[in-house]
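Peer 1: The residues making up each chain are set out below.
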Amino acid sequence: MDHLEQLENLSIHILREAYASFKNLCMLWSIGKDSTVLLWLARKAFLGHVPFPLVHIDTHYKIPEMIAYRDRLTRQWNLDMIYGQNTEALEAKKTFPDGNADRLTCCKLLKTEALKHTLSGQWPRYRFNHAAGHYEADANTEPFTGVIVGLRADEEGSRSKERYFSPRDRQSEWDIADQPPEFWNQFKTDFAPGTHVRIHPLLDWTELNVWEYIEREKIPTVSLYYNQGDGKRYRSLGCWPCTFPIDSQARNPQEIIDELRSGQLANIAERSGRAQDAEDGGGLETLRREGYM
Amino acid sequence: MAHCPDTDERMNIVIAGHVDHGKSTVIGRLLADTDSLPKGKLEQVRQTCRRSSKPFEYAFLLDALKDEQSQGITIDAARVFFKSAKRHYIIIDAPGHIEFLKNMVTGASHAEAAVLVIDAEEGIQENSRRHGYMISMLGIRQLVVLVNKMDLVGYRRDVFEAIAAEYRAFLDSIGLSAEAFVPVSAMEGANVAVRSRTMDWYGGPTVLETLDNFRKEPPPVDKPFRMPVQGVYKFTKAGDKRRIIAGTVEAGRIAPGDDVVFYPSGKRSTVKTLERFNGQPPAAFEAGSAAAFTLEQQIYISRGQLAARADQPAPCVSRRMRVNLFWMGKKPMEPGKDYLLKIGTVKEPVRIETIISTMDASDLSSACRKDKIDYHDVADCILCCQHAVAFDAVETLPATARFVIVDDYEIRGGGIIRQALPDAQEQMRQQVIQRNLKWSSSAISREQRWERYNQKAALILITGKRNVGKKTLARALEQRLFADGKTVYFMGIANVLYGVDADIKKPGDDQRHRPEHLRRLAEVANILLDAGVILVVTAIGLTQQDMEIIQNVVDSDLIETIWLGEDPTDIDFSMKVPDLSNLDETLNRMKVLLQNKGIIFKP
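First to last, the protein sequences are chains R and P. So the first sequence is numbered by our numbering: it starts at 2 and just counts up by one. So the second sequence is numbered by our numbering: it starts at 46 and just counts up by one.
Restricting the straight-line Cα-Cα distance to at most 25 Å, the calculated cross-link-like pairs of lysine-lysine (BS3-like) are: (1) P:Lys-636 <-> P:Lys-647; (2) P:Lys-279 <-> R:Lys-24; (3) P:Lys-647 <-> R:Lys-24; (4) R:Lys-24 <-> P:Lys-636; (5) P:Lys-286 <-> R:Lys-24; (6) P:Lys-317 <-> P:Lys-483; (7) P:Lys-501 <-> R:Lys-24; (8) P:Lys-642 <-> P:Lys-621; (9) P:Lys-636 <-> P:Lys-516; (10) P:Lys-382 <-> P:Lys-415; (11) P:Lys-382 <-> P:Lys-392; (12) P:Lys-516 <-> P:Lys-531; (13) P:Lys-551 <-> P:Lys-510; (14) R:Lys-24 <-> P:Lys-642; (15) P:Lys-392 <-> P:Lys-501; (16) R:Lys-24 <-> P:Lys-282; (17) P:Lys-392 <-> R:Lys-24.
Stretch by stretch, here's where chain P covers chain R in the computed footprint (C-beta under 8 Å, at least three residues): (18) 12-22; (19) 43-55; (20) 191-199.
Hints in this document: simulated from the structure, not taken from any laboratory. Using N, Cα and C, we set each Cβ at its ideal position, and we do this for glycine too.
Isolated chain R (complex conformation):
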């Protein structure tokens, strides 16, 4: 059993535990490489099916290609796709691109707030109707009690403190100093009413592992990750006003693996192209404590 198989086995185990433990379970799909690998692992765990909805927070500033890719896979893989957004902030133009908010506030409004209220069911959810071929307002407003998230411990400091099953209180807040223990493969699957649990099957994966797995399994990914001839590619995907490509010649997953293995990027943090991190004291913890992924 090689290292990728080991990672795959533990992630599948965690996904199956989550599925058995939470009645209202969903998976966040940011369209990025990590949560797409997570989606693939769910299909592995459930033998080609994804037996829970996928939730995407549409900030309205995602690179258009990401949305097209999302809807293509939704149809192809018969996914139960839901999106939510902060319509109020967008209509009031309280965003960074509109010049009415700094980057952190914009992130908080378009991502954290939208996520919190979409998960709780307080704000409208839009669900893909496969028969009609479009999204429509979802009648189901029950809160999600289990939320599967594709974050990895090696991304940046605060994420390395996470557990596989990590509780969030009524305000979606994360009490870092008082987390439940995880013995062996026994996780926190019991929770008090009003609280929810975030589940992190990719916690032990590295950026390199993610690309190795994409290459091995031939997982379809957004072309923004690859150099299209201009010598630039995105290493981490977000909203276009705050995400910048890196210099790279890599045109496909194998060339990204070679690039990562060569050590060319070893001295550059993965999220260095994400402008909001720098504004948060060089980390993400202010955002994350309040519910950011």
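The hints should help you fit chain P onto chain R, whose structure is shown.
Peer 2: Structure of chain P alone, referenced to chain R:
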């Protein structure tokens, strides 16, 4: 990155030890000296130090969170990655403060090897011992002990050797041995990744060399097959007809054609196919695999059963077990209080039956008998579950001997099962396991019958005191369901007492034979349930103890109990009916119950 390992081998290690003995500095050194740091990380920490006018320290590399830096202690099991020329390492940084022990456990329970740090100046402290004990209990067999801050004791060999001797004796007493004791100055980087010139009296390996000498323990492929069932999947709506048994193989291997037995039920079938998405299924699923397979004979099993192979030693099945338990709840664990035991994929109500002894993990000499298990105590005790569970003793198979205790939604304790103890229903359970082993399956599956009859089989037990109208209610329910087109049958206990039980039925001597009467009633019910029937049975004054007998014989998730009248026994009923004054209303309520339980469908 100066070098890259040739292999993709990864090893999880945990760094433990008393607070301020220098764990974070050791890790910072390992990262820096193996050139495993991304510049972004170092820059981020240096910036923070500049902003708060503090000198840069290697320990700060880990304390990425603001509040940690203000407190000056590491508060959680952070994961850090580094690599040597031999392999990749994932360090789980276990914190030292005593109140954060649960984080240490979290880190250590996923580790394959442990690094324990002792301050040369302070010597062995409470958590040096406590963490050593936890490492042993969690099943980590590979350990290196660092005597750190040698610079503070003038690099003296006698100081190092005294600490090493004392700690070696402690490890001996708990059945653990260290691969090496290494004198270290993490601050200066001496003997971490680079050999120290100052301590030339030390001829042993550096910390990094010791780590590289650790072996990857192979998964227990040669042990008997064990797989806790995580779920039974059917995706019929998506046009998938497979009925898939899924779970992670804890030990052994499983291949098509193998006979499997599911415990504690003892139900048996044969593996038909192994299943995998996006690729050919392997010839066999081995220990460590997230497995999925289909069965030849369709038997009814669900999450929580432990799959074993019929040609290999069976697991233990019992309600009672002797365990070593570690308690992390602020409130003590007490006899008589209900907890949940999680083992494999089972979640089962449990109580402490006897506390044999408790000890303070920091000082193992003080074993004493207490009537409760306090915060951070390690206890030797007997647990009793509400129903029998399947497991192994830790000596036989550690993976299926590990459990946790849940109290008030939180995991507050964990431990290992030393041995299975007999319980009152052992003989009866053995009979049931035999019956299931020998059971000749029908060609028609349970689900096929349920689909045909448009209902789920169920045993509806109507119980209460004498002369409250149990039979009246049972017959009325039978008639109502029959009128609705259901396949339903009322069976009074007398039907069994004077027939199946004729050999043991003696006037005036019912109490002595009550368990056997109930067992036979349940066996008859089991056959009718297998035939897909909704069975309505009446019995006088059933107690929880009676229910345990019935649940041993009949799948407990098929049973609904109704208490009729006042003063119920300790029975855990699904519904209580005060009297029959409004029979029609009562029948409606019962139908809603059956609908909610998915036994019959809503119109």
